[in-house]
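The numbering of the sequence shown is my numbering, which starts it at 23 and goes up by one.
Worth flagging that the hints you see were computed from the coordinates, not collected in a lab. Please note that a few of the clues may not be correct.
Said to hold, decoys possible - Computed list of lysine-lysine pairs in DSBU-like fashion (alpha-carbon distance at most 35 Å, straight line): (1) Lys120 / Lys109; (2) Lys48 / Lys109; (3) Lys120 / Lys48; (4) Lys120 / Lys161; (5) Lys109 / Lys161; (6) Lys48 / Lys161.
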Amino acid sequence: LITGTSSRLLRPFLIRTSPLHFNLSKTKELLAYLVDRRGAAVNTGELCAVLWEQRPDSLSVRSHLRTLISDLSRTLSLADAGDILIKRRNSFAIDCEKLDCDLYGFLRQEPDAINTYMGEYMMQYTWAEMTLGELERQK
23 LITGTSSRLL RPFLIRTSPL HFNLSKTKEL LAYLVDRRGA AVNTGELCAV LWEQRPDSLS
83 VRSHLRTLIS DLSRTLSLAD AGDILIKRRN SFAIDCEKLD CDLYGFLRQE PDAINTYMGE
143 YMMQYTWAEM TLGELERQK
């Protein structure tokens, strides 16, 4: 079971009760984005555009993305949670059935998640603004 403070991301992502330690800081954003997508598959182009919104798609950006995906896979596997990352050719997603976090709890209307929501959602990521609007409407 993975937990994370996806509503704020002030604490690290946790596997059971142990924090995940990524080799690259951007890997955390990759996982956060996949969690935000709630199981919907995303392709390489979308990930590159979201994670490097100020840079054009290029071979070096795609290479960096492959490195992040490798780091994410390795980190999850080391934590015995590699099965939450769904990888197919040019398609990446999270298995939401094997993941729990504040966002999912809030969307399920769980009282603890609703009570801990303070109007912030992954404020460090511009791509999270749409989900923030959705959360605010559901509040």
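Here is what the structure says about each hint:
1. About 15 Å separates the Cα atoms of Lys120 and Lys109, which keeps this hinted pair within 35 Å; it holds.
2. This hinted pair checks out: Lys48 and Lys109 have alpha carbons roughly 18 Å apart, not beyond 35 Å.
3. Distance check on the hinted pair: Lys120 and Lys48 sit about 22 Å apart at the alpha-carbon level, within 35 Å; holds.
4. The suggested pairing of Lys120 with Lys161 holds, with an alpha-carbon distance near 25 Å, which does not exceed 35 Å.
5. About 33 Å separates the Cα atoms of Lys109 and Lys161, which keeps this hinted pair within 35 Å; it holds.
6. Distance hint between Lys48 and Lys161 is fulfilled; the C-alpha atoms sit about 30 Å from each other, no more than 35 Å.
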